[in-house]
Amino acid sequence: MLTLAASMPAAAQPLVSYEVVGDAIPQSLTGVPGDAARGRAIVASRQKGLCLLCHSGPIPEERFQGNLAPPLDGAGSRWSEGQLRLRLVDSKRLNPASIMPAYYKIDGLQRVGAAWQGKPVLSAEEIEDVIAYLKTLR
Amino acid sequence: MIRLLSLACCLVAALPVLAAEIKTRDRRSGFDFMTPSSQDMQRDDMLNPGMLWVLEGEALWQQQAANAPSCAGCHGDAKDSMRGAAARYPAFNDRLNRPINLQQRINLCRSENQQQPAFEPESRPLLALSAFIGAQSRGLPIAPPEDARLAPHLENGRQFFKTPMGQLGLSCAQCHDDNWGGRLAGAPIPQAHPTGYPIYRLEWQTLGSLQRRLRNCLTGIRAEPFDWDAPEMVELELYLMKRAAGMNIETPAVRP
Numbered sequence: 001m002l003t004l005a006a007s008m009p010a011a012a013q014p015l016v017s018y019e020v021v022g023d024a025i026p027q028s029l030t031g032v033p034g035d036a037a038r039g040r041a042i043v044a045s046r047q048k049g050l051c052l053l054c055h056s057g058p059i060p061e062e063r064f065q066g067n068l069a070p071p072l073d074g075a076g077s078r079w080s081e082g083q084l085r086l087r088l089v090d091s092k093r094l095n096p097a098s099i100m101p102a103y104y105k106i107d108g109l110q111r112v113g114a115a116w117q118g119k120p121v122l123s124a125e126e127i128e129d130v131i132a133y134l135k136t137l138r
Numbered sequence: 001m002i003r004l005l006s007l008a009c010c011l012v013a014a015l016p017v018l019a020a021e022i023k024t025r026d027r028r029s030g031f032d033f034m035t036p037s038s039q040d041m042q043r044d045d046m047l048n049p050g051m052l053w054v055l056e057g058e059a060l061w062q063q064q065a066a067n068a069p070s071c072a073g074c075h076g077d078a079k080d081s082m083r084g085a086a087a088r089y090p091a092f093n094d095r096l097n098r099p100i101n102l103q104q105r106i107n108l109c110r111s112e113n114q115q116q117p118a119f120e121p122e123s124r125p126l127l128a129l130s131a132f133i134g135a136q137s138r139g140l141p142i143a144p145p146e147d148a149r150l151a152p153h154l155e156n157g158r159q160f161f162k163t164p165m166g167q168l169g170l171s172c173a174q175c176h177d178d179n180w181g182g183r184l185a186g187a188p189i190p191q192a193h194p195t196g197y198p199i200y201r202l203e204w205q206t207l208g209s210l211q212r213r214l215r216n217c218l219t220g221i222r223a224e225p226f227d228w229d230a231p232e233m234v235e236l237e238l239y240l241m242k243r244a245a246g247m248n249i250e251t252p253a254v255r256p
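In order, the protein sequence lines correspond to chains A and B.
Heads up: the first sequence at position 96 corresponds to 96 in this note's numbering, and the numbers run straight through without jumps.
Heads up: the second sequence at position 184 corresponds to 184 in this note's numbering, and the numbers run straight through without jumps.
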């Protein structure tokens with residue numbers, strides 16, 4: 001019974017609701033400022049943030065970085081916090097053809113693997129951490 | 001009128017850019033994206049680890065089953081009888097009334113003509129026979145059958161290729177039609193032409209089938225893989241072979 005419970009995907013948790021204003025989500029998903037150091041670790045992780053698969057960024061210890069998307073350098077001056085938030089949460093709202101995954105979305109996806117069903121790529125807290133880190137890239 | 005026009009322009013701009021299929025003259029084998037040392041490994045039969053499976057497959061080709069003919073007993077010298085066979089699969093099977101891939105064809109032959117149990121998916125003997133039969137088409141162009149019965153399956157495969165899937169919501173086309181040549185982490189994205197299967201993949205440190213490779217991609221986008229030889233997988237194989245029609249077979253290819 002314990003094994004069964006452990007092997008089942010965690011119950012889907014409802015996502016925090018948010019409001020899109022223009023090309024941004026002005027309000028924080030958590031109401032608490034994110035942690036830039038944790039955000040950097042998420043961005044650097046190939047298992048968690050996956051960011052460096054497509055983007056390059058000022059994270060020299062990660063040698064193999066992608067070139068499929070704009071460099072992360074300067075993201076904090078190019079975009080406001082709210083603009084970064086929408087681009088992380090669901091960038092396809094801005095460009096349906098984008099290869100940028102929606103990091104905070106669980107509906108409208110097809111054939112999601114059992115381990116990932118009902119879960120966003122990042123939690124609301126993690127989204128805020130990544131925003132805090134990206135804001136330091138000026 | 002001007003307002004209407006500008007509205008139309010906005011609408012067009014908001015539509016997703018439709019994935020453009022790769023023009024025939026721009027097609028490139030995964031071989032072209034590899035480092036020179038990996039290319040040398042594939043080119044030289046003494047260095048190509050896939051040749052071990054080819055030799056093993058040659059032995060299996062001759063091996064007699066109990067009270068049943070060997071492959072060679074019916075098909076004779078594979079150099080003649082299997083020349084071009086791998087370049088034509090998947091093909092439509094009358095009895096099953098659907099397309100089957102080369103591995104399924106081998107297993108049908110085993111059950112129908114040799115009264116032997118089917119080889120397990122991705123098992124050593126199945127890979128060895130596939131590699132041996134595939135190698136008989138080395139240098140020949142991929143030539144999907146002109147068979148009207150394949151058309152709906154081919155279309156299903158094409159749709160599959162273009163459908164975003166998994167938690168990351170990516171389609172095959174978004175990487176392999178739209179972004180080939182770009183770098184995913186450190187590695188160049190190839191065009192996904194199945195010219196050399198089964199391949200010796202350095203990441204696997206062994207030989208594997210096209211379906212194994214497809215499952216890797218599905219897992220990468222966090223999608224649920226299909227069962228081995230599921231109709232969807234065979235239809236995708238069919239579309240990939242059609243997309244690569246005219247490119248030369250390289251079996252056994254080496255890939256990173």
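None of these hints come from the bench; they were simulated from the model.
Any given hint might turn out to be false.
Listed below are the simulated DMTMM-like cross-link pairs for lysine to aspartate or glutamate, each with C-alpha atoms no more than 25 Å apart in a straight line [claimed, not checked]:
1. B:K242 x B:E21
2. B:K79 x B:D44
3. B:K79 x B:D26
4. A:K92 x B:D178
5. A:K92 x B:E21
6. A:K92 x B:D44
7. B:K79 x B:E56
8. A:K92 x B:D177
9. A:K135 x A:D23
10. A:K105 x B:D178
11. A:K105 x B:E21
12. A:K48 x B:E122
13. B:K162 x A:D107
14. B:K242 x B:D147
15. A:K119 x B:D44
From the derived model, a few chain B residues whose C-beta atoms are all more than 12 Å from chain A [to be verified]:
16. D32
17. Q62
18. Q167
19. D178
Idealized CB from N, CA, C, for every residue including glycine.
Of the numbered hints stated earlier in the document, which are not met by this structure?
3, 6, 11, 12, 15, 18 and 19
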